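Chains as they are written, first to last, in our numbering: chain A, 1 to 83; chain B, 1 to 255; chain C, 1 to 237.
I should point out that these hints are in silico values taken from the structure, not numbers from a laboratory.
You can trust all of the hints, since none of them are fake.
Straight-line distance between alpha carbons at most 25 Å, and here's what the computed BS3-like set of lysine-lysine pairs gives:
1. A:K40 to B:K17
2. B:K253 to C:K12
3. C:K19 to C:K68
For clarity, every value in this text was computed on a predicted model and none was experimentally measured.
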Amino acid sequence: MNTDINALLEIDWPQILPFALPIILFNLLLIGVALYDWFKRKELIVSPYIWLAAIILLQLLGPILYLVIGRRMIRNDYSRETS
Amino acid sequence: MTNFYTLTRTELVEAAKEFKFIWLTLFFVILGITQPLITKYMDVILKNVGGADGITIDPNRPVPSSAEILLSTISGQFNQIGLIILIISFMGLIAADRNSGMQDFILTRPVSLRSYLLSKLMGNWVISMFSISIGAAVSYGYTIFLFGSFSFSNFLLFLLLYSLWILFVVSLAILISTFVKSPILIAVTTIAASIFFILIKGFNHFLFQLSPGGILNLAENQLLSVHDLNYFSIATCLAFILLNLSWTNRNLKKS
Amino acid sequence: MLSINNLTKLYKGSEKGIKNLTLDLAEGDICAFIGMNGAGKTTSIKSIVGIYGFDQGAIELDGVSIEKNPQEFKQMVGYSPDTPVLYGNMTGYSYLELIGSIYQIDNETINEQLNTLLKKLNFGSAIHELISTYSHGMKQRLVLISILMHNPKLIILDEPFVGLDPNATYFLQEEMKKRAAEGSIVLYSTHVLEVAEKLCNKVVMIHNGEVVVNDTMINLLSESSLGEKFRSITAHE
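With the hints as constraints, model all of the structure from the sequences given.
Below you can see the structure in the form of structure tokens.
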């Protein structure tokens, strides 16, 4: 992968935008839903900050895996804390 | 039957409160638009992202048809990564009920095992098909916008048949969760079994056509306008769903 | 009339479970299930309420068999498990509505029952809050309400007093007496023998899956206290 900064500038943005925009938009929405849920549950779930990193860094798979698996992995001591 | 209705509604309301409808739909929408967009803008992407100097694209390559794009979206995206995520989201189905004691809750009420199982099947099928339908519809819209028209009725017919396949997968997940305790094992086994059925449907022998995956062939053929259609698969698929359910019923009664 | 005949339920590949439990309870009876942890109390209870199938025997309530007619049987039973299980995303009220519709109780009766039960259990406005915010004791009180709403003929409670505050404990004891006097049958497992002595008229002791005592409380107490009896049974282990 060419990580030279010039490559970024050379990208023909008007040409690539119609491709990228909807995907980026929906991805941001999904990340938003995942983050909203994460904030509500970060006290309850197992290793919340690893999940936070996954939601933000792994595109598509991170948020969806958090929503499918991560949010259900509740810490065991939770039930005792509330009683 | 009133209990079936009450339980299904509870299942759906619980899913709604967890925003499952929203994020599962978003996921399938992203899957649905990725394939047509990547195919359309392949050359632009390759030119711009770099590292593609060695790769040349035949400028005269045939432009794929709408049908081909839809097909690769479904069998490439929905039926692989989509199915895996879907099954992982099911794995809580009965296993979580059992581990949390919710199954005891149901079993000690005047609710028949049948309405309990049917409500599980129905609830999860409705959630899945809601998300898949919207994802597929958006994909359809993008595809005809970028690659030209495609018959909407064929698309609907495809979706209808595909929903039977999903119904089968849900019933399979329910059945497997009566054998295996760990949620992760349930998901892995269900995914493996589903992929097995997807693989053997490719073999052109009538025995394989009788497998539950046969319904996928029928569904995909709706997109390809094949004329020699094997509508018998609908019956076999429904039979397999019934088999899964009655087997589950028996397993639960025994425990 | 609850009649349990020769109930046997053993777990696959182990000797644990319950063997040959025979028990007859009439209207107005309050019966205590007593035994060490793992003796088979919960196994018996779960078989009676229909969670476990059993290997042998028969369970009938007013002539309705749990095997032949499970739904009719369960309609007459109210069962509270040892750990309360509830939908966390629901409010207490919508949970009770769900239960009501499962038992097909009409809304008027639900509201009527709720008014009295909620007041007695000091629920207040918490009934409209999410169950996931409830404390253990509150969840238990909610379960109690949910199993008494349909006026069950047979009330089965698995260690009901654990985690209840003194007021709720008092309520539950009075409710058990009242319901029994009105013609229900109450069966509950417990480790608190002093309460059982006062509350119950029948007692069953289980040790290693075997029924060792199955008697009326008066008969048993004429020999020794429950505590002494229990220690003498479990001593030679």
